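Chains as they are written, first to last, in my numbering: chain A, 1 to 341; chain B, 1001 to 1247.
Since the hints were derived computationally from the structure, they do not count as laboratory data.
Because the structure is a prediction, the values reported are computed rather than measured.
For glycine and all other residues, C-beta sits at the position ideal for the given N, C-alpha and C.
Errors might be hidden in some of the hints.
Once the Cα atoms are required to be at most 25 Å apart in a straight line, the calculated BS3-like pairs of lysine-lysine come out as [to be verified]: (1) A/LYS219 to A/LYS199; (2) A/LYS199 to A/LYS302; (3) A/LYS219 to B/LYS1013; (4) A/LYS219 to B/LYS1011.
Here are some, though not all, of the chain B residues that point toward chain A, as calculated from beta-carbon distances under 10 Å [claimed, not checked]: (5) GLY1016; (6) GLY1025; (7) GLN1027; (8) GLU1030; (9) THR1054; (10) VAL1059; (11) SER1060; (12) PRO1067; (13) LEU1068; (14) LYS1098; (15) LEU1099; (16) ALA1145; (17) PRO1149; (18) THR1189; (19) PHE1212; (20) ILE1246.
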Amino acid sequence: MNRTLTVLRAGPAMSVQDQGRAGYLAFGLSRSGAVDGLALLEGAALLGQDPRLAALEMGGMGGEFAVSETTRVALTGAPMRASIDGVNIQWNASHLLEAGQRLSIGAATSGSYGYLHLGGGINGAEVLGAQSAHLAAGIGKMLGDGDTVSIGPDTQTLTGQKIAAEPRFDGGTVRIVPSLQTEFFARSEIARFEATSFKRDTRGNRMGVRIIPDGDGFKTEAGLSVLSEVIVPGDVQVTGDGTPFVLLSECQTTGGYPRIGSVLPMDLPCVAQARAGATLQFQFVTLQEAVALERREAVRRKTLRGSVQPMIRNPHDIADLLSYQLISGATAGDDLERDIS
Amino acid sequence: MKNMQTATWPKVKTAGFDGFLISFGDQLNEPANRAALAFRDALERAGLAAVQETSTSLVSTYLRFDPLAFDHEAMRGELTALLAERNWFDADLPKGRKLWRVPTVYEGDFAPQLDEAAQAAGLTTAEAIASISTSRVRVQTIGFAPGMPYLGALPEVWNIPRQTALNAQTPAGGLCVAIRQLVLFPVATPTGWRHIGQTAFRLFRPETDAPFALRPGDEVVFEQTTPEAFAKMQNDPDGGAVNEVIA
Chain A
1 MNRTLTVLRA GPAMSVQDQG RAGYLAFGLS RSGAVDGLAL LEGAALLGQD
51 PRLAALEMGG MGGEFAVSET TRVALTGAPM RASIDGVNIQ WNASHLLEAG
101 QRLSIGAATS GSYGYLHLGG GINGAEVLGA QSAHLAAGIG KMLGDGDTVS
151 IGPDTQTLTG QKIAAEPRFD GGTVRIVPSL QTEFFARSEI ARFEATSFKR
201 DTRGNRMGVR IIPDGDGFKT EAGLSVLSEV IVPGDVQVTG DGTPFVLLSE
251 CQTTGGYPRI GSVLPMDLPC VAQARAGATL QFQFVTLQEA VALERREAVR
301 RKTLRGSVQP MIRNPHDIAD LLSYQLISGA TAGDDLERDI S
Chain B
1001 MKNMQTATWP KVKTAGFDGF LISFGDQLNE PANRAALAFR DALERAGLAA
1051 VQETSTSLVS TYLRFDPLAF DHEAMRGELT ALLAERNWFD ADLPKGRKLW
1101 RVPTVYEGDF APQLDEAAQA AGLTTAEAIA SISTSRVRVQ TIGFAPGMPY
1151 LGALPEVWNI PRQTALNAQT PAGGLCVAIR QLVLFPVATP TGWRHIGQTA
1201 FRLFRPETDA PFALRPGDEV VFEQTTPEAF AKMQNDPDGG AVNEVIA
């Protein structure tokens, strides 16, 4: 039998996302994929599975879900209130969801995009080599009430694990490298850009987010006469009125507005996750510094699985406490998994 | 001379953390457009292991690579060496190019800004239709949205600016004009370009083996058709368009 997840009630911006489809830039198609790529890695680490598996991305809030057969789930990204049949469950953790139970995921308490991962991943149709919806391009769709997704085969049983998520849900300082058109901006404008605090605007989606400076907008001599040029996620384009936009995974592939710089890939989740009103600042680093930072982060991400730990449960939350072997102060260590058979 | 390899062009710049842009000019011209396409082709054939993706824009070649596997200076060295191999400005256009004839309606609600565009170009509406519908334009680049072509160059009279305000939503298949170029939209989109005609040509077909209808270097004539004929073309993904290989 093919396991399925049913979306009983969908939040406003829910779609299937994996690491996206690179390779179509020449044809005007940006790669798409989860706007917080780190969340996919954290979910994969929690479930001990391939980070290329697709998950559900939930913008702003989650929804209600049920599975056709017992399924391992993990929750990462923007923390949201979550419960199974009314019992609160931890975020940044893996859980077991049994057939007939209802998983409820509410509004984000910080950040913008939460992720629901399934043991075995979402096993949907690939379009051009990926499952990621690309809403601007008309690939895939927003999921709605009653939609179902197919779940891939899961060979593992471990749940009850947690991971300490990299903080990225409340804005902060992100690193940026000079790019194509940075030199079109006067040094004084670059210095002012670094010294400025920005508020994430209410206008933002998977294509990009608008950030409002606490002072004047940013100007360049080149102005609007810049020839349309390639755009990549992370680019900070300065629009006609001087307000910057940071581009994300579903951005257009070319643009005529000058780019003041480009956010380091490792810091882009912090921009994507900043909610409306969150404060962001930018700090230029050299390419050499950027390479060193990304190298260190690549190593950390490769070893994420090592930072996964069993959840320590409060005895009050354990319904069947008496069935646990407590006399010696230790258990066989499989209590959290043994109900999966 | 614009079309000579000089001390100024081409320029090699880094683009973001993991890209390079090789620019053959700072304004659109045909030799620079050909150079960008030919250099991308050469880069693909060179098969550098760290290169993950290449593309072209109007007068530039872009590449994305893995800076953790191959450092920026080493990549710059490879690019400089490849650039020195020839004068890219006299490169030929890509092989296997096609000429497409795309039926287009230039009247009524299918062309809401045709009169206004004609006026900006100093033409009557009839003259504008005659000019646009007989111009053989080339795909200079694909970009912005999936499969979306920028085509040119139109006669000099069409050097009209984009609007300062955006159209709320121009439909998929909409033909729009500005700055001696035509664009054709794969999906409905807001735009500052003036909507002067309508096609039923599907530029992006993600569910098929050939998801992108046009390639840079292809040529297109947007031939005039009637609303009645157009109505019958709606269910054809090519929207009544026909093509032949030209080179």
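We went through each hint and held it up to the structure:
1. For the hint pairing A/LYS219 with A/LYS199, the CA-to-CA distance comes to about 18 Å; that is within 25 Å, so the pair holds.
2. At roughly 32 Å between alpha-carbon atoms, A/LYS199 and A/LYS302 are farther apart than 25 Å, so this suggested pair is violated.
3. Annotation: proposed proximity of A/LYS219 to B/LYS1013 holds, straight-line Cα distance about 22 Å (limit 25 Å).
4. Of the supplied pair hints, the one linking A/LYS219 and B/LYS1011 holds, its CA atoms being roughly 24 Å apart against a limit of 25 Å.
5. At a threshold of 10 Å, the smallest CB-CB gap from B/GLY1016 to chain A is about 4 Å, leaving the interface hint in force.
6. Residue-level restraint check for B/GLY1025 holds (minimum Cβ-Cβ distance to chain A is 8 Å; threshold 10 Å).
7. Below 10 Å, beta-carbon pairs count as interface contacts, and B/GLN1027 has one with chain A at about 6 Å; its hint therefore holds.
8. Using the Cβ-Cβ criterion of 10 Å, the hint placing B/GLU1030 at the interface with chain A is not satisfied: the shortest such distance is roughly 14 Å.
9. For the restraint placing B/THR1054 at the interface with chain A, the shortest Cβ-Cβ distance is roughly 7 Å, inside the 10 Å limit, so the hint holds.
10. Here the hint on B/VAL1059 is kept, as its CB sits about 7 Å from the closest CB of chain A, short of 10 Å.
11. Interface hint at B/SER1060: satisfied, since its Cβ lies 6 Å from the closest Cβ of chain A, which is below the 10 Å cut-off.
12. Interface hint at B/PRO1067: satisfied, since its Cβ lies 5 Å from the closest Cβ of chain A, which is below the 10 Å cut-off.
13. Restraint check, B/LEU1068 versus chain A: the minimum CB separation of about 5 Å is within 10 Å; hint holds.
14. With 10 Å as the threshold, the beta carbon of B/LYS1098 stays out of range of chain A, its nearest partner Cβ sitting at about 15 Å, so the hint is violated.
15. Hint status for B/LEU1099 relative to chain A: violated, with the closest Cβ pair at about 20 Å, above 10 Å.
16. Below 10 Å, beta-carbon pairs count as interface contacts, and B/ALA1145 has one with chain A at about 6 Å; its hint therefore holds.
17. For B/PRO1149, the interface hint holds, the least distance from its beta-carbon to any beta-carbon of chain A being 9 Å, beneath 10 Å.
18. Restraint check, B/THR1189 versus chain A: the minimum CB separation of about 8 Å is within 10 Å; hint holds.
19. Interface hint status for B/PHE1212: upheld, as the beta-carbon distance to the closest one in chain A is roughly 4 Å, under 10 Å.
20. Proximity of B/ILE1246 to chain A is violated relative to the hint, the smallest CB-CB distance being about 20 Å (cut-off 10 Å).
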